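S.K.: Line order of the protein sequences matches chains A and B. Okay, so the first sequence: first residue is 374 according to this note's numbering, each after it adds one. Okay, so the second sequence: first residue is -10 according to this note's numbering, each after it adds one.
Warning: the hint list may mix true and false statements.
Said to hold, decoys possible - Computed beta-carbon distance windows for the label pairs:
1) ASP440/A x GLY29/B: 49 to 57 Å
2) LYS384/A x GLU28/B: 21 to 29 Å
3) ASN112/B x GLY441/A: 32 to 40 Å
4) SER433/A x LYS42/B: 39 to 47 Å
5) GLU414/A x GLN67/B: 43 to 51 Å
6) GLN413/A x ALA89/B: 26 to 34 Å
7) GLN413/A x ARG98/B: 22 to 30 Å
8) GLU31/B x CYS431/A: 45 to 53 Å
Stated by the list, open to error - Facing chain A, according to a computed beta carbon distance under 7 Å, are these residues of chain B, among others:
9) PRO79
10) VAL86
11) LYS106
Hint data in this document are derived by calculation from the structure and do not stem from the laboratory. Small disclaimer: the values here were computed from a predicted structure and weren't measured. We treat Cβ as the ideally placed atom computed from N, Cα and C, and that holds for glycine.
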Amino acid sequence: MVEQEVTIENKLGLHLRAAAVFIETANKFPCQVFLRKAGQEKINAKSIMGIMTLGAACGSRVTVLTDGENEIEALEKLAALIRNRFGEKE
Amino acid sequence: MTQIIVAAHGDLAQELVKTVGMIMGNQPDLEHISLEAHEGIEDLRRKIETILKPEGCLMLVDMFGGTPSNVALALSHQYPIRVLAGANLPMLIEALVHRALMDIAQLARFVEAKGKKSIFYANPAFSNCSCEKEGDE
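With the sequences and hints as input, model every part of the structure.
M.R.: This is how it looks when you write it as C-alpha cells:
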C-alpha cells in the first residue's frame, strides 16, 4: 500500500463530475484505490457513492491510497488528477 | 462492451442518459427507451428489439412491475437481457464505469448492490446536521 496526501484545488471540490473522472481513471488500474479525508474512514474510491459521501470541498486535504498491482503508477496518476483540478479551469 | 439500455415511463430514461452524458461525456452503447402515455407492450417490445445488440444488454428500468420492467423481463426469456429495477443516477454511473470489467450477470449483481447503497436518509449520515439536534426522526 502506498499513499499520498493532496489538496482538492478545484472550486467545486470533489463534485459529481470530478468524481466520475476520478473513478474512470481509478478503474484503469487493477489495484484497489481508496480516499481518506482527515479524521474519517477511508472509502472505496472506485465507487461513485463512496467518493460522493466523502464530502471533500475545495481546500480539503485528502489522502489517496493504492494497494496492489500497479499501485505506484495509479497513485501518481490519481494524485496528479487531483492536483490538476480534474481538468477543470478553476 | 456491454450494452446498457435505460427504459422508463415518460422522459425519465432520456433524461437519465442525458444527465449522465453531462457528467461522463457521451457513452457508446448506451441507449434510452421511453414509454409514452399512448404506447403499450407491443410498442415497447419493438423499440427494445430494434436497438438490442445480439450479445445482450443490461437493462435499467424505472420500477419493478411497470410496463418497461414487464416487457424487459418477458424479452429476457428470448434474449440475453439482465434487468435491474429501480434505476437511478448512481446505478447508471456505476454500470458505465464497470461494464468493461465484468460480464453482464456480474455487472447486474454489482450495480444492484451499488444501487442499494446509494439510497439512505442523508441527514443522520452527517453528525453536524441541525435537524438531528432538533429531534427530527
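S.K.: Hint numbers the structure violates, sorted upward?
M.R.: 2
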